[in-house]
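Just so you know, we're using full-length UniProt numbering here: the sequence shown kicks off at 1 and counts up by one.
One thing to keep in mind: the hints can contain errors.
Restricting the straight-line Cα-Cα distance to at most 35 Å, the calculated cross-link-like pairs of lysine-lysine (DSBU-like) are [to be verified]:
1) 62 / 228
2) 62 / 247
3) 39 / 228
4) 61 / 228
5) 247 / 58
6) 39 / 58
7) 105 / 58
8) 249 / 58
9) 247 / 61
10) 62 / 249
11) 39 / 61
12) 247 / 228
13) 105 / 39
Across the chosen pairs, the derived CB separations fall in these ranges [said to hold, decoys possible]:
14) 279 / 47: 18 to 28 Å
15) 106 / 314: 20 to 30 Å
16) 190 / 308: 15 to 25 Å
17) 41 / 242: 21 to 31 Å
The set of hints was computed from the structure by calculation and includes no laboratory data. In this text the structure is predicted, and so the values were computed from the model without any measurement. For every residue, glycine included, the Cβ atom is placed at its ideal position computed from N, Cα and C.
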Amino acid sequence: MSLPTVVTTSDTLPTKAYNASVVRWEWSPPLGPLSNGDKGEYLNLSSGVDLWYTTMGKPSKKTPVLLLHGGIGNSNQMFHQANLLARTRQVILQDTRGQGRSPYKNFTEFHYDDFARDAIALLDHLNVSRVAVVGWSDGAITGLDLAMNYTHRIDRVFAHGANPQANTSDPGTNDPIINSVTGNLDSDLTNNGTTYSTANVTRRATAADAYSCEALSPLPMNCPAMEKGVNVMWDSEPTWGPVALGKIKCPVWIVDGDHDVTIPRNQADAMAAWIPFAGQLLLPQVSHSALLEDPTFFNFAMEYFLDMPYDGVLPYY
């Protein structure tokens, strides 16, 4: 019997940051270029905000995909996903207001509702009536915000690393999923990969210097103020419960890494329970940065979800 041929590409091989002495969920993989050479342009919104965006691929029978990056980041965080999806469909990316290439000016406060309104304004500008959303962290929260408030514009949402409430509650030792103080898993080579209760710490993937705010922003001197403003938002938003998330009518997968120490596991469980007919996916041996740590598995799950036929809200095969 002949064995199947395994095709290896730059997307499936370990990056230069690969270090076998560090467990995968503690990697900080570098960001990379979009296949269109990171070429984009600016949309000047009526609010005075300048929003950087780019499009990749070509319109096809497949629904266009809007990729939304994480907080204090930029679209290059999602280069693995953008470069893959652009082979078969239209892909739209935006640097969230005040972040990345979108300068922090003409506004002071950050709010997820504003992020959602910006995305709709961009879709209107591009004459795109309906999109699927793949979002990471703040981008996933924005995707859910879009699904709640702009139902007719959103086909489906792949929400990785979202949380419904800023004041995250700890499930304690009675958590129905795992026995951990925070509802997360934290293990490394020093404890032979054993899971144990953890402190509530935050880890975020670090961007390479070429993709830092200071390197990309037209107003790099405003980057520290931007980071402070986003942190203020994180302390108070979002504030969603079952009533708000129950408004979502499109297909949703709530996705998290099994070693995510940024989002308590009980928050992912709650969203999957509160959103009608939502699916829940736990990615193995990765953290909050799963889309960078294991893009091969992440992209497989993402494409599977995007291509899955739905009859209303339920999948069929």
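Structure-based check of each hint:
| no. | hint | result |
| --- | --- | --- |
| 1 | 62 / 228 | 39 Å, violated |
| 2 | 62 / 247 | 25 Å, holds |
| 3 | 39 / 228 | 28 Å, holds |
| 4 | 61 / 228 | 42 Å, violated |
| 5 | 247 / 58 | 32 Å, holds |
| 6 | 39 / 58 | 15 Å, holds |
| 7 | 105 / 58 | 32 Å, holds |
| 8 | 249 / 58 | 27 Å, holds |
| 9 | 247 / 61 | 28 Å, holds |
| 10 | 62 / 249 | 20 Å, holds |
| 11 | 39 / 61 | 25 Å, holds |
| 12 | 247 / 228 | 31 Å, holds |
| 13 | 105 / 39 | 22 Å, holds |
| 14 | 279 / 47: 18 to 28 Å | 35 Å, violated |
| 15 | 106 / 314: 20 to 30 Å | 44 Å, violated |
| 16 | 190 / 308: 15 to 25 Å | 40 Å, violated |
| 17 | 41 / 242: 21 to 31 Å | 40 Å, violated |
Consistency with the previously given hints fails for numbers 1, 4, 14, 15, 16, 17, ordered from lowest to highest.
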